[in-house]
Amino acid sequence: MTSADLRYPQQTLVADYLRATAGVVLCGAPLLLLDVNRWLAALLLAGFALFALFLVRTALRHRTRFVLGPDTLCADGPGGTLVEWNRLDRLKLSYFSTKRDRSDGWMQLSVGSTGGRLIKVDSSLEGFHDIVERAARAAEATGAPLSDATRANLRSMGIVVVGQEEL
Amino acid sequence: MLQFIARRVLLMIPTLFVISALVYFIIDLPPGDCVTSQIEELLARGDPDAHQRADELRELYGLNHPLWQRYLEWVGGIFRWDFGLSCQDTVPVADLISERMMLTIVMETSTIAFIWIVSFVIGVYAATHQYKWGDYVASFIGFIGLSIPNFLLALVLLYVGKVYFGLSIGGLMDPEYIDQPLSWGKVVSVLEHLIIPVIVIGMSGTAGMIRRLRANLLDELQKQYVVTGRAKGLPPMKLLVKYPLRHAINPFVADIGGLLPDVISGSVIVSVVLSLPTTGPMLLSALKTQDVNLAATFLLFVAVLTVIGMLISDLALAALDPRIRFGATSEK
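So the sequences go chain by chain: A and B.
Under this note's numbering, the first residue of the first sequence carries the number 1, and numbering increases by one thereafter.
Under this note's numbering, the first residue of the second sequence carries the number 1001, and numbering increases by one thereafter.
Heads up, a few of these hints could be off.
Partial list, derived from the structure: chain A residues whose beta carbon lies under 8 Å from chain B [what the hints assert, rightly or not]:
id	residue
1	Leu32
2	Asn37
3	Leu40
4	Ala49
5	Phe51
6	Glu133
If you want the ones that stay clear, here's a sample from chain A, every Cβ over 10 Å from chain B, calculated [what the hints assert, rightly or not]:
id	residue
7	Ala4
8	Gly23
9	Leu26
10	Leu34
11	Leu45
12	Gly47
13	Leu50
14	Arg63
15	Pro70
16	Thr72
17	Gly77
18	Gly80
19	Trp85
20	Arg90
21	Thr98
22	Gln108
In case anyone wonders, no lab produced these hints; they're calculated from the structure.
Here the structure is a predicted model, which means the values were calculated and not measured.
We put the CB at the ideal spot given by N, CA and C, even for glycine.
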């Protein structure tokens, strides 16, 4: 297996930048332009902090490239880290949707190896399926514990981790 | 999770703007305004200056401005906690609603806590004791709660309380505490008076929740993994709590958001019947007199509470069950 260079698509990043900027402006503009009641100001400030954080996270994603290799997954960028597949001890695959029927959402994979920090990637990342598949194989080999939500999400992607299935 | 929260909060902001505009414009739609009824009274009394007085009042309330301008002034004022003047007593809406809003929040929060605690305990009991007398009693309570309108239950309790126990059930505190500053005695009095309204308003919600939780839990308890666990000798409590209850509770959590508007809208008529000093009766009177600022402010608060409730339920659901629904696409 050769290494693959993976990045978030431009379209996803632009959409996230727009969301973050809209949030920062909508929460920040009243604070700057109007005489806001202190309780409402606290709420707006919390919203401003949330969207500012989201903007920073999007910028970090923009600057990060993920290198999927046969032995490691490397997040190369600001605050980057490395996951060694043969030492994998944490794997979590979650699903998020903003719709009431929970359709049209996105997945998030968190992986970490012993003593290392977590790498979190969303399903909009190019080659997401390959990373999940590799992580599942690694979990199979190391016996990393998987929650039933993770197992269900893996199954929905057509991936079964041997020895980790429910009764 | 950060992306999820950011997206959900970002959706809330335009939602609230659209709701505020819809509410404001719809309340103003019927012909006439809040001054009309006051002037009709003056004309009926033969007041020669009635029309001049009408012009003065319209000037005072800003009714001579176009609707969009009044809306923008009202929305701009919200950030300063200034919701304009109420036509009813010519006092700022903010002064008028403060205590009622607090009492309403206390009452609705207590009602939701009541619905949750009672329906959780009874729902789990009914599912784990299917077709036993306890289950039949719970089902009976459920059907009664679903079929009796809240206001009728309130009227029955008023009657029974007065005729058989000599109790005055109406109101949310003893008369000596009305318009008095907050004190320990007032808090105790409010808590004592809360019991009946909370039961009356929460009855139908509790009944619905009991039915839903019982049905969900029964579905889970009949699945093969539970049968296998039981066959392998897992303790009954662990077998119930570990997986079936966690799965069955999801729709329960998803209902938080929907519960809030249901409870608030259901409490309006009950508040009128039980003479509760909450926002319900005042909202009704504001809508009847076309007091746009007052009615729109109340309805905006209901909308804010609803979207916050929805956000809390979505966050809880995302944390509790981050699974994909089978059949939905995983990649986007």
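Taking the hints in turn, this is what the structure says about them:
1. Restraint check, Leu32(A) versus chain B: the minimum CB separation of about 12 Å is more than 8 Å; hint violated.
2. Here the hint on Asn37(A) is kept, as its CB sits about 4 Å from the closest CB of chain B, short of 8 Å.
3. Given the 8 Å rule on beta carbons, the hint for Leu40(A) holds: about 6 Å separates it from the nearest Cβ of chain B.
4. The beta carbon of Ala49(A) is not positioned within 8 Å of any beta carbon in chain B (closest approach about 11 Å), and the interface hint is therefore violated.
5. At a threshold of 8 Å, the smallest CB-CB gap from Phe51(A) to chain B is about 6 Å, leaving the interface hint in force.
6. Restraint check, Glu133(A) versus chain B: the minimum CB separation of about 13 Å is more than 8 Å; hint violated.
7. Every Cβ of chain B is farther than 10 Å from the Cβ of Ala4(A); the closest lies at roughly 16 Å, confirming the non-interface assignment.
8. Gly23(A), annotated as away from the interface, has a beta carbon of chain B within 10 Å; the closest lies near 5 Å.
9. In this structure Leu26(A) is not separated from chain B by more than 10 Å, as the shortest Cβ-Cβ distance comes to only about 5 Å.
10. Distance check for Leu34(A) against chain B: the nearest CB is about 5 Å away, which does not clear 10 Å, and the non-interface claim fails.
11. Listed as a non-interface residue, Leu45(A) keeps its Cβ farther than 10 Å from every Cβ of chain B; the least gap is roughly 13 Å.
12. At roughly 6 Å, the least C-beta separation between Gly47(A) and chain B is not larger than 10 Å, which violates its mark as non-interface.
13. Non-interface call for Leu50(A) relative to chain B: violated, since the shortest CB-CB distance, roughly 6 Å, does not exceed 10 Å.
14. Every C-beta of chain B lies more than 10 Å from that of Arg63(A), the closest at about 17 Å, which supports listing it as non-interface.
15. No beta-carbon of chain B comes within 10 Å of the beta-carbon of Pro70(A); the shortest separation is about 23 Å.
16. With 10 Å as the threshold on Cβ separation, the claim that Thr72(A) sits away from chain B holds: the shortest Cβ distance comes to roughly 23 Å.
17. The claim that Gly77(A) lies off the interface holds: its Cβ sits roughly 17 Å from the closest Cβ of chain B, which is beyond the 10 Å cut-off.
18. Distance check on Gly80(A): its Cβ is at least 18 Å (rounded) from any Cβ of chain B, clearing the 10 Å threshold; non-interface status holds.
19. Taking the minimum C-beta to C-beta distance to chain B, about 22 Å, the non-interface status of Trp85(A) holds against the 10 Å cut.
20. Look at Arg90(A): its CB is around 15 Å from the nearest CB on chain B, clear of 10 Å, so calling it non-interface holds up.
21. Once the 10 Å rule is applied to beta carbons, Thr98(A) is inconsistent with being away from chain B; the minimum gap is 5 Å.
22. With 10 Å as the threshold on Cβ separation, the claim that Gln108(A) sits away from chain B is violated: the shortest Cβ distance comes to roughly 8 Å.
The structure is inconsistent with the numbered hints 1, 4, 6, 8, 9, 10, 12, 13, 21 and 22, although it conforms to all the rest.
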